[in-house]
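*Asks:* In order, the protein sequence lines correspond to chains R and V.
Just so we're aligned, residue 5 is where the first sequence starts under the working numbering, counting upward by one.
Just so we're aligned, residue 491 is where the second sequence starts under the working numbering, counting upward by one.
None of these hints come from the bench; they were simulated from the model.
Hints are not guaranteed to be accurate.
BS3-like mimics (lysine-lysine), calculated; alpha carbons at most 30 Å apart, straight line [unchecked claim]: (1) K503(V) x K253(R); (2) K731(V) x K67(R); (3) K504(V) x K809(V); (4) K296(R) x K504(V); (5) K347(R) x K383(R); (6) K731(V) x K66(R); (7) K66(R) x K641(V); (8) K503(V) x K828(V); (9) K67(R) x K730(V); (10) K587(V) x K805(V); (11) K731(V) x K584(V); (12) K532(V) x K504(V); (13) K347(R) x K587(V); (14) K599(V) x K589(V); (15) K810(V) x K587(V); (16) K295(R) x K504(V); (17) K731(V) x K347(R); (18) K206(R) x K805(V); (19) K67(R) x K206(R); (20) K347(R) x K828(V).
Computed spacing ranges between beta-carbons, pair by pair [unchecked claim]: (21) A170(R) x T527(V): 31 to 41 Å; (22) D558(V) x E331(R): 20 to 30 Å; (23) Q511(V) x E106(R): 36 to 46 Å.
Idealized CB from N, CA, C, for every residue including glycine.
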Amino acid sequence: LSLSPSLSPSLSPSLSLSKSFLNRFYVTLFLHSLCLSLSLFLSVSLFIRMPHQYPALTTEQKKELQEIAERITTPGKGILAADESTGSMGKRLSAIGVDNTEENRRLYRQLLFTADERMDACIGGVIFFHETLYQSTDDGTNFAQLIKDRGIVVGIKVDKGVVPLAGTDGETTTQGLDGLAERCAQYKADGADFAKWRSVLKISEHTPSELAIMENANVLARYASICQQNGIVPIVEPEILPDGDHDLKRCQYVTEKVLAAVYKALSDHHVYLEGTLLKPNMVTPGHACSKKYTSEEIAMATVTALRRTVPPAVTGVTFLSGGQSEEEASINLNAINLCPLGKPWALTFSYGRALQASALNTWRGERENEKAAAEQFIKRAELNGLAAQGKYESTGESGAAGQSLYVANHAY
Amino acid sequence: MTTQFPSLSPAQKKELSDIAQRIVAPGKGILAADESTGTMGKRLEKINVENNEENRRTFRDLLFSAVDANCIGGIIFFHETLYQKSDKGVPFPKLVKDKGIVVGIKVDKGTAGLNGTDGETTTQGLDGLSERCAQYKKDGCDFAKWRCVLKISDACPSALAIAENANVLARYASICQQNGLVPIVEPEILPDGTHDLLRTQYVTEKVLAATYKALNDHHVYLEGTLLKPNMVTAGHSCPKKFTPQEVAMATVTALRRTVPAAVPGITFLSGGQSEEEATQNLNAMNQTALHRPWKLSFSYGRALQASALAAWQGKASNKKAAQDAFTSRAKSNGLAAKGEYTSTAGADKASTQSLHTANYVY
């Protein structure tokens with residue numbers, strides 16, 4: 005190796021060979037030791053994959069989150085889900101013959117948000133869509149500020165819709181994690197104290213698949229974790245659609261599996277449960293199921309499923325109304341609150357359609373109908389506030405008929 | 491896909507649920523008298539009593555004859571004891587059952603090493619478990635117990651230890667329920683070490699989350715189970731001391747974050763705690779301001795028997811004194827299970843109250 009390059013030509017090929025060989029040897033040696041130290045590092049770090057707590061939140065952060073969650077679910081209060089995306093709002097408006105313009109969307113949300121003080125007693129939080137958070141009343145008051153000044157907590161939908169999961173039977177996950185921390189920080193500065201993210205699952209012969217359950221649970225947990233870092237209470241929404249002909253039992257079973265996965269994921273992601281809310285579907289039969297069930301049966305199946313999966317530390321459960329009518333949604337919520345099983349969390353509403361259907365129908369885009377429309381909304385809000393305490397008296401007959409079909413809880 | 495293939499009929503579920511409710515009826519807990527032959531040997535050695543079958547029988551007879559059904563809802567037996575008889579020739583299960591106390595049986599076969607870990611273990615005993623459970627049910631048992639063990643150290647518990655023990659507990663629970671036995675699920679995290687209260691709380695939350703996910707995966711009927719966890723305490727060698735109120739708050743918080751409300755009762759193990767400590771801690775738990783949807787009670791071995799053993803010394807003449815000591819501890823723990831225990835040591839009460847950290851967010 006110390007041979008000088010001025011050696012005889014016969015030697016130089018072998019020299020250069022030796023040189024390159026040595027180079028390769030050194031390189032190999034270097035790579036091997038790199039690999040060795042890498043694998044040592046990896047095995048050590050894998051070996052040290054023990055549960056150490058690296059506090060995700062300070063005491064003050066936890067306190068703030070829990071207080072927000074408690075304020076939203078104060079007894080007798082629930083959530084107005086007014087976060088319909090532009091597209092969804094389009095569907096609602098076209099059904100009443102109104103153009104889907106920014107101004108119409110603003111006028112409609114205004115009539116809800118300026119409803120009189122009766123609203124304050126039964127609405128603990130309002131979920132906004134991004135556009136709405138930056139809109140104002142006719143006299144220039146920002147909507148978020150308006151709601152906040154009424155003592156109602158402002159929330160914001162932060163997901164960016166569903167995307168397909170390749171290799172599944174039309175199942176989806178939900179996107180929106182990119183830059184979510186920065187967005188949450190901005191929303192917090194702009195008045196929001198809670199957020200909502202909707203994941204969707206469906207029941208059919210082969211769904212929900214393990215992948216769909218696991219992936220949606222994981223993305224919900226990532227979202228929740230990021231929210232909490234920014235002082236925002238995450239509402240976790242793993243909706244299982246009511247489409248299908250499956251019965252009540254099937255829905256209950258699926259709901260239990262989905263919620264168990266959700267709470268395992270939340271634990272894995274170190275989410276502070278006391279500073280979260282859950283927005284699940286009620287356990288109901290599929291829309292096309294031939295068998296009919298009473299509200300008591302729905303309540304029993306729902307509460308049983310929750311008792312088996314939702315830790316008591318979760319501050320509140322705010323049900324989605326799905327495809328239920330306004331009346332159905334109130335009756336079922338009431339039955340849920342009257343269910344004789346122990347219920348360690350608040351059980352209330354986070355309704356969109358079930359709070360707004362009549363209001364929309366009454367408004368029909370006319371300014372002179374605003375007061376009457378607001379009245380419809382207030383009426384539903386008050387009734388649901390009562391239902392959230394088990395104090396709702398339905399004018400229908402399902403109450404009496406339902407009692408006779410009551411099934412003891414051990415059968416679920 | 492998620493379809494339900496029913497593992498239990500409504501009648502089976504009702505039976506299991508009823509048994510569990512009976513065991514943790516208000517003011518009642520469990521006497522863990524399931525010390526294996528080897529473990530019993532350690533207890534007897536301490537009071538200079540020979541570890542033979544007759545002595546073991548005599549001591550259990552002493553306990554079972556005196557046991558008060560007002561504060562003891564269930565007794566866990568060791569296999570040998572299940573087939574022994576009282577002085578008067580009454581089989582122990584019958585003696586206990588006739589008092590209205592539920593008979594339980596330890597069914598695990600001890601720990602086994604997990605290769606590639608830092609001395610961690612899983613628990614064996616699944617082989618032929620179904621047949622054994624069926625036989626135990628015939629012989630008078632209505633619940634079972636299986637103990638898994640985890641430890642806290644720099645590298646433990648590892649993800650493997652947590653996952654493997656959760657899984658084996660879920661398999662055991664599933665098999666028990668098929669045979670009409672209520673499974674007591676015991677994922678014990680040992681108190682050995684220098685770690686503080688927060689570390690134990692954190693580990694307990696991770697372990698219990700994994701346990702309940704596994705139970706769900708294995709389709710276990712939660713209403714027909716009981717949980718036997720460690721209380722959340724600092725490690726034995728931790729220099730910082732914590733009050734019963736702090737232990738209670740950390741424990742109840744951890745349980746609220748992981749144990750579904752469907753579980754009817756949580757019966758704590760006493761681990762290395764003294765009799766008084768175990769009672770005070772249980773009492774404090776039942777007085778915490780946090781909402782507890784499950785019963786919080788006891789499943790104590792040493793914490794119910796230590797004084798009795800010491801009083802007995804293996805002598806027949808000490809039988810009554812030993813029984814009185816046992817009955818006294820049982821009554822105290824029955825009160826603690828309702829949050830109604832008042833310690834006679836006034837100094838203790840004062841000293842613990844002054845160290846209470848109000849509003850500490852765990």
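*Asks:* Within a Cα-Cα threshold of 30 Å, do K532(V) and K504(V) meet the stated pairing?
*Replies:* Since the Cα atoms of K532(V) and K504(V) sit roughly 40 Å apart, the hinted pair is violated (cutoff 30 Å).
*Asks:* Please verify whether K295(R) and K504(V) have alpha carbons no more than 30 Å apart.
*Replies:* holds (25 Å)
*Asks:* Q511(V) and E106(R), beta-carbon distance inside 36 to 46 Å?
*Replies:* Violated - the Cβ-Cβ distance for Q511(V) and E106(R), about 59 Å, lies outside 36 to 46 Å.
*Asks:* If you draw a straight line from the CA of K206(R) to the CA of K805(V), is it 30 Å or shorter?
*Replies:* violated (68 Å)
*Asks:* With the threshold set at 30 Å, check whether the alpha-carbon distance from K296(R) to K504(V) stays at or below it.
*Replies:* Distance ~25 Å between K296(R) and K504(V) Cα, so the pair holds.
*Asks:* Has the given pair, K503(V) with K253(R), been kept, meaning a C-alpha gap of at most 30 Å?
*Replies:* Answer holds: K503(V) to K253(R) is near 15 Å, not above 30 Å.
*Asks:* Would you say the C-beta atoms of D558(V) and E331(R) sit inside 20 to 30 Å of each other?
*Replies:* violated (54 Å)
*Asks:* Between the alpha carbons of K347(R) and K828(V), is the straight-line distance 30 Å or under?
*Replies:* holds (20 Å)
*Asks:* Would the pair K503(V) and K828(V) pass a check requiring their Cα atoms to be no farther apart than 30 Å?
*Replies:* holds (27 Å)
*Asks:* What's the verdict on K810(V) and K587(V), does the C-alpha distance respect the 30 Å limit or exceed it?
*Replies:* holds (22 Å)
*Asks:* Holds or violated: K67(R) and K206(R), Cα atoms, limit 30 Å.
*Replies:* violated (36 Å)
*Asks:* Take a quick look at whether K731(V) and K347(R) sit within 30 Å of each other, Cα to Cα.
*Replies:* violated (35 Å)
In summary, the numbered hints that this structure violates are 3, 11, 12, 13, 17, 18, 19, 21, 22 and 23.
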